[in-house]
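Chain R is already provided as a structure; the job is to place chain D on it using the hints.
Number of protein chains: 2
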Amino acid sequence: MPPTTFRNARLTDLPTIIQLLANDDIARSRTGYAEEVTPAVDAAFKEITADPNNEIIVGEQDGQVIATLQVTYIPGLGRGGIRRALVEEVRVRSDLRGQRIGEALMNEAMERARARGCALVQLTTDKRRHEAQRFYARLGFVASHEGMKRPL
Amino acid sequence: MPPTTFRNARLTDLPTIIQLLANDDIARSRTGYAEEVTPAVDAAFKEITADPNNEIIVGEQDGQVIATLQVTYIPGLGRGGIRRALVEEVRVRSDLRGQRIGEALMNEAMERARARGCALVQLTTDKRRHEAQRFYARLGFVASHEGMKRPL
Chain R
1 MPPTTFRNAR
11 LTDLPTIIQL
21 LANDDIARSR
31 TGYAEEVTPA
41 VDAAFKEITA
51 DPNNEIIVGE
61 QDGQVIATLQ
71 VTYIPGLGRG
81 GIRRALVEEV
91 RVRSDLRGQR
101 IGEALMNEAM
111 ERARARGCAL
121 VQLTTDKRRH
131 EAQRFYARLG
141 FVASHEGMKR
151 PL
Chain D
1 MPPTTFRNAR
11 LTDLPTIIQL
21 LANDDIARSR
31 TGYAEEVTPA
41 VDAAFKEITA
51 DPNNEIIVGE
61 QDGQVIATLQ
71 VTYIPGLGRG
81 GIRRALVEEV
91 RVRSDLRGQR
101 IGEALMNEAM
111 ERARARGCAL
121 VQLTTDKRRH
131 EAQRFYARLG
141 FVASHEGMKR
151 PL
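Chains R and D, in that order, give the protein sequences.
Under full-length UniProt numbering, read the first sequence as residues 1 to 152, first letter to last.
Under full-length UniProt numbering, read the second sequence as residues 1 to 152, first letter to last.
Any given hint could be a false lead.
What the hints assert, rightly or not - Below, simulated SDA-like cross-link-like pairs (lysine to any residue); rule was C-alpha separation at most 25 angstroms, straight line:
id	chain 1	residue 1	chain 2	residue 2
1	D	Lys149	R	Gly117
2	R	Lys149	D	Val142
3	R	Lys149	D	Ala27
4	R	Lys127	R	Asp62
5	D	Lys149	R	Pro39
6	D	Lys127	R	Asn23
7	R	Lys127	D	Arg138
8	D	Lys149	D	Asp51
9	R	Lys127	R	Leu152
10	D	Lys127	R	Glu131
11	D	Lys149	R	Met110
Said to hold, decoys possible - Using C-beta positions, here's what the derived DEER-type ranges look like:
id	chain 1	residue 1	chain 2	residue 2	range
12	D	Asp25	R	Pro2	46 to 56 angstroms
13	R	Ala43	D	Pro39	36 to 46 angstroms
14	R	Asp62	D	Ser94	31 to 41 angstroms
15	R	Gly98	D	Arg7	22 to 32 angstroms
16	D	Arg116	R	Thr31	11 to 21 angstroms
17	D	Gly98	R	Pro2	52 to 62 angstroms
18	R	Ala43	D	Arg134	17 to 27 angstroms
19	R	Asp42	D	Thr49	28 to 38 angstroms
20	D	Val142	R	Arg134	35 to 45 angstroms
21	R	Arg100	D	Pro2	54 to 64 angstroms
Hints were generated in silico from the structure; no laboratory data involved.
Cβ atoms here follow ideal geometry from the backbone N, Cα and C, with glycine treated the same way.
Here chain R stands alone, though its shape is the one from the complex:
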């Protein structure tokens, strides 16, 4: 297996990132899901990459983007005023799963979060994603909370 390297996403990666996100039954079941780079997706990407508290990290093998996640760094008053990292939109290319690429990607995000002084990393994962829950549990995550959502 070629080595996986990690870096911040660039605008030219966006079509591949959207393909990675779209190749997922649960994502496809959701209202508004995008299969290609729409103006809304393009605007969101530019906003994320311009915001110092948001990053999209991609994993690359042989110059191909094969994994992605978004991390948001959030200051807060709870737990003594800690900063936390929120992880969203985690995806590894389907034909490359089971090779610990997701683990390396999450470790990259957690190292960045630690370097920014975060004391906690958190995420929500659809209750139907049993494999994802086992994956996060192996990385030390505890399903201590209900993840509740509401459309607006």
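For chain D alone, coordinates are given in the frame of chain R:
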């Protein structure tokens, strides 16, 4: 009951906000929990209020801060590039619960989120907080996700 009004928190509210957050068994059980305004809490407050994507909203009755929450507005590539609102640190003063102040506070947060173009609001709540889960369900939240956390 006097009317409750909502506004963004000011630095002078911080000691009261910290008291509201501290008056909670689950919060007290956590590492690093603060009972008073420490330098870390003060720094977090200043960072939150300086960040256009973070707000601390307080509810006020007769000039007294009696409720609080934090909301973070997060752009994302999922669900077609929607913006979401993350709510944290929701608290109503213990002697004033059951009077729909929490509902009004959450509605204020959701109105602000809508005004900023958010299509989704989300939160995590400790699985031991059964009453909180019923409260959020009444407001239309669905516990569709596991909320997973890990210390760093």
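To see whether the hints hold, each was checked on the structure:
For the proposed pair D/Lys149 and R/Gly117, the alpha carbon gap of about 16 angstroms is at most 25 angstroms, so the pair holds. Straight-line distance between C-alpha atoms of R/Lys149 and D/Val142 comes to about 5 angstroms, which keeps the hinted pair within the 25 angstroms bound. Restraint check for R/Lys149 and D/Ala27: the C-alpha separation of about 22 angstroms stays at or below 25 angstroms, so the hint holds. For the given pair, R/Lys127 sits about 34 angstroms from R/Asp62 by alpha-carbon distance, which is inconsistent with the 25 angstroms threshold.
At roughly 33 angstroms between alpha-carbon atoms, D/Lys149 and R/Pro39 are farther apart than 25 angstroms, so this suggested pair is violated. As the CA atoms of D/Lys127 and R/Asn23 are separated by approximately 31 angstroms, the hinted pair breaks the 25 angstroms bound. Taking the CA atoms of R/Lys127 and D/Arg138, the gap is near 20 angstroms; set against the 25 angstroms cutoff, the hint holds. Pair hint D/Lys149 plus D/Asp51 holds up; C-alpha atoms about 24 angstroms apart against a cutoff of 25 angstroms.
In summary, the hint linking R/Lys127 to R/Leu152 is supported, as the alpha carbons are separated by about 21 angstroms, within the 25 angstroms threshold. Distance check on the hinted pair: D/Lys127 and R/Glu131 sit about 21 angstroms apart at the alpha-carbon level, within 25 angstroms; holds. Straight-line distance between C-alpha atoms of D/Lys149 and R/Met110 comes to about 12 angstroms, which keeps the hinted pair within the 25 angstroms bound. One distance hint, 46 to 56 angstroms for the beta-carbon pair D/Asp25 and R/Pro2, holds here, with the actual separation near 51 angstroms.
Between R/Ala43 and D/Pro39 the beta carbons are some 38 angstroms apart, a value that agrees with the proposed interval 36 to 46 angstroms. Between R/Asp62 and D/Ser94, the C-beta spacing of about 58 angstroms breaks the proposed range 31 to 41 angstroms. Hint check: R/Gly98 to D/Arg7, Cβ distance near 51 angstroms, so the stated range 22 to 32 angstroms is violated. For the pair D/Arg116 and R/Thr31, the beta carbons lie near 19 angstroms from each other, so the given range of 11 to 21 angstroms is met.
Range check, D/Gly98 to R/Pro2: about 60 angstroms between beta-carbon atoms, so the 52 to 62 angstroms window is met. As the Cβ distance of R/Ala43 to D/Arg134 is approximately 37 angstroms, the hint placing it in 17 to 27 angstroms is violated. For R/Asp42 and D/Thr49, the Cβ-Cβ distance of about 30 angstroms falls inside the hinted range of 28 to 38 angstroms, so the restraint holds. The hinted range of 35 to 45 angstroms is not satisfied by D/Val142 and R/Arg134, whose Cβ atoms lie roughly 23 angstroms apart.
Between R/Arg100 and D/Pro2 the beta carbons are some 58 angstroms apart, a value that agrees with the proposed interval 54 to 64 angstroms.
When held up to the earlier numbered hints, the structure conflicts with 4, 5, 6, 14, 15, 18 and 20 and fits the remainder.
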